[in-house]
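Generate coordinates for the entire structure from the input sequences, incorporating the hints supplied.
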Amino acid sequence: MSDVQAPARGPRAYAAFIGIGLLAGLLSGLFGVGGGTVIVPLLVLLLHFDQRLAAGTSLAAIVPTASVGVISYATTGSVAWIPAIILAAGAVVGAQIGTRLLPRISQTALRWGFVGFLLVVIVSLFLVIPSRDAAFELSWLTGIALVGVGIGTGILAGLIGVGGGVIVVPVLMLAFGTSDLVAKGTSLLMMIPTAISGTVGNLRNRNVDLLAALLIGVSACTTTALGAWLATIVDPTLGNMLFAAYLVVIAVQMAIKAVRGRKRA
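Counting in this note's numbering, the sequence shown runs from 344 upward without gaps.
Hints were generated in silico from the structure; no laboratory data involved.
Even for Gly, the Cβ is constructed at its ideal location relative to N, Cα and C.
Please note that a few of the clues may not be correct.
[To be verified] Beta-carbon label-pair distances, calculated as ranges:
1) A417 / S474: 15 to 23 Å
2) R352 / D476: 19 to 27 Å
3) I414 / D578: 31 to 39 Å
4) A417 / V471: 40 to 48 Å
5) R352 / A478: 47 to 55 Å
6) G491 / S449: 22 to 30 Å
7) V387 / P446: 21 to 29 Å
Written out as structure tokens, the structure is:
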């Protein structure tokens, strides 16, 4: 078992957990992501969490956050239930593959590759604006494609720790032609079984700070619905621009990690 210990507690830590949760919940609802790209770096930078403990804590906090997000999007009919289940099944399998490949593949090369993927997505978001009236047409062909997307998402999650929403939301919009709202609601639903599966494993290895996860998750739940509501009133073009800006932040984070990893090597 891991011997990672939780950082010391104090009023500053509790306030930070709540603040991190409020921000993560808002972004989760607005963009259909889990919020891990906010939670993990802030836990490491502000509270000096070990990277593994931060990642495990973030994954546990995503479960209630994504659940509230799904309910919020479902009230407007913006969740494709069967595609989400297919994506989740693929992601669970892919995550196992990714963790097994982890020791054999260069993390630096993977990170630069992911930065390149994000840059392509960012440019595409300014060129393709999906209609909010678009319906998700499920067929055998799209079903097989969804399995592939799910497996690929899971592999990347296992290899470099990126959340599914960062990949699934733009792929559903750009490759499958779904509306931005359906892409976000479906992404959040896909995350729930994936996050539960990962959290069970992390609990066995003591890589979850349960109190921190509870505070962050509960705090996030209070703003997730607000983020989901904002997504419905924001113009799709503006929504794409905001999501592109969010992806730029993630790309910069990943590039910094790639540079540091190369220096260590």
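Against which earlier hints does the structure fall short, listed by number upward?
2, 3 and 4
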